[in-house]
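Enquirer: Given next are the chains, with one letter for each unit.
There are 2 protein chains.
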Amino acid sequence: MTQISPLRDFVVGLTKLYDEGLDPQTLQVKGADLLRTLVSRDNWLPDEFARPNPERYSQYLLHCDPLERFSVVSFVWGPGQKTPLHDHRVWGLIGMLRGRESETQFERDGDGRFRATEKSFLEPGEVASLTPGVNDYHLVANALTDEVSISIHVYGDNIGGVSRATYDPETGEEKTFISGYSSEETPNLWDRSRERKAA
Amino acid sequence: MTQISPLRDFVVGLTKLYDEGLDPQTLQVKGADLLRTLVSRDNWLPDEFARPNPERYSQYLLHCDPLERFSVVSFVWGPGQKTPLHDHRVWGLIGMLRGRESETQFERDGDGRFRATEKSFLEPGEVASLTPGVNDYHLVANALTDEVSISIHVYGDNIGGVSRATYDPETGEEKTFISGYSSEETPNLWDRSRERKAA
Ligand SMILES: [Fe+3]
Ligand SMILES: [Fe+3]
Ligand SMILES: [Mg+2]
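Heads up: the sequence lines are chains A and B, in that order.
Heads up: the first sequence begins at 0 in numbering that gives the first Met the number 0, then just goes up one per residue.
Heads up: the second sequence begins at 0 in numbering that gives the first Met the number 0, then just goes up one per residue.
These aren't lab readings, by the way, just hints derived from the structure by calculation.
This structure is a prediction, so every number in the text was calculated from the model and none was measured.
C-beta atoms are modelled at their ideal positions from N, C-alpha and C, and glycine is treated no differently.
Mixed in with the good hints there might be a few duds.
[Said to hold, decoys possible] Here are the simulated EDC-like cross-link-like pairs (lysine to aspartate or glutamate), alpha carbons at most 20 Å apart as the crow flies:
no., chain 1, residue 1, chain 2, residue 2
1, B, 15, A, 19
2, B, 174, B, 184
3, A, 15, B, 106
4, B, 15, A, 156
[What the hints assert, rightly or not] Covered by chain A, according to a simulated footprint, are these stretches of chain B (three or more residues, beta-carbon under 8 Å):
no., region
5, 65-74
6, 154-167
7, 178-192
Please construct the entire structure, taking both the sequences and the accompanying hints into account.
Expert: Structural data, given as structure tokens:
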């Protein structure tokens, strides 16, 4: 059985950082520390939000701040699944929970075309970051061909409401999209009656 | 199909009232206005959170404030279901969404026994309130013997973590409980991609 409390602790911690009125850069750095703690153990994600879809990768909303200052999403990759090249336009963090993910970063040239600058792999427990104006273009894939991989993404906005774009890496052609979520439900972080009974 | 936006608007509205730093009494009064708007139409509650359980009444968490300043719960009453006499110890609001609910209020005598002071019925669109020290003891029931009734309860805390009590109305005997929630999931209020596509 999973215990949801590490996810609740993460949400409460990041909410309190926002309520301190920190600037976005400091929020992202301190949020990365909280996320590293969250993905240091793989014992809290409920199965409903860890389920792969054979058709395409899944994006399950785990929490959205009620003022839409940030959102937390589990990305569930089936074998071989990957995103197109895309941007974010808000800060992001990726915490690797399970399996292995590859991230290819891109830079955009003056003529609007893209070139890959770096390919890296994320292992469980590792955290990577995305910052608009610094490294906002990437393509992410499950690095495993025979297993599910799962990473926890955190964004400095409700990513299910951000208008952004995918790109053809060859031509630079841009398509606007809003990413949406794979489920109409989110985990209940707040049933403390169970913990008290267990304690 | 239900549209979740009225519930999201309620959550955002009450969150903003808290962030203004209002006192609990003002929060409860202004929260009642927001709740009256929420239950003025019965077109937004997803079926998963409107489902009766033949065994006992259900309490589905719809939203909990991340700082646990308030929580929003759908109470789903099967025909004839009712609570025992109980208290809350935090402020509460009841907004009637569907069907008909009866509420019997009690006062506690010096010897610890209870007597019923008032019985009232809630009709769809109506809002009632509970305040510790004023009217914190009641027994709530589905007033319909052949249909489901649903009310939306709002509390000035995470009610799934509040230690409180049920009472035997005759003897005053007290039993401590924490109410918990009927589902391990909550509705996803935040998928704005669907609205934008529809717009
Ligand atoms: Fe991305
Ligand atoms: Fe009650
Ligand atoms: Mg690496």
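Enquirer: Against this structure, judge whether each hint is valid.
Expert: Hint-by-hint comparison with the structure:
For the given pair, residue 15 of chain B sits about 16 Å from residue 19 of chain A by alpha-carbon distance, which is consistent with the 20 Å threshold. Distance restraint check for residue 174 of chain B and residue 184 of chain B: the Cα-Cα separation of roughly 28 Å exceeds the 20 Å cut-off, and the hinted pair is therefore not satisfied. Annotation: proposed proximity of residue 15 of chain A to residue 106 of chain B is violated, straight-line Cα distance about 40 Å (limit 20 Å). At most 20 Å may separate the alpha-carbon atoms for a hinted pair to count; residue 15 of chain B and residue 156 of chain A meet this at roughly 17 Å.
Requiring three or more residues with a Cβ within less than 8 Å of a Cβ of chain A, the coverage given for the region 65-74 of chain B holds, as 4 such residues are present. Only when three residues or more bring their CB closer than 8 Å to a CB of chain A does the claim for the region 154-167 of chain B stand; here the count is 4, and the claim holds. For the region 178-192 of chain B, the proposed coverage by chain A is satisfied: 14 residues have a C-beta within less than 8 Å of a C-beta in that chain, meeting the threshold of three.
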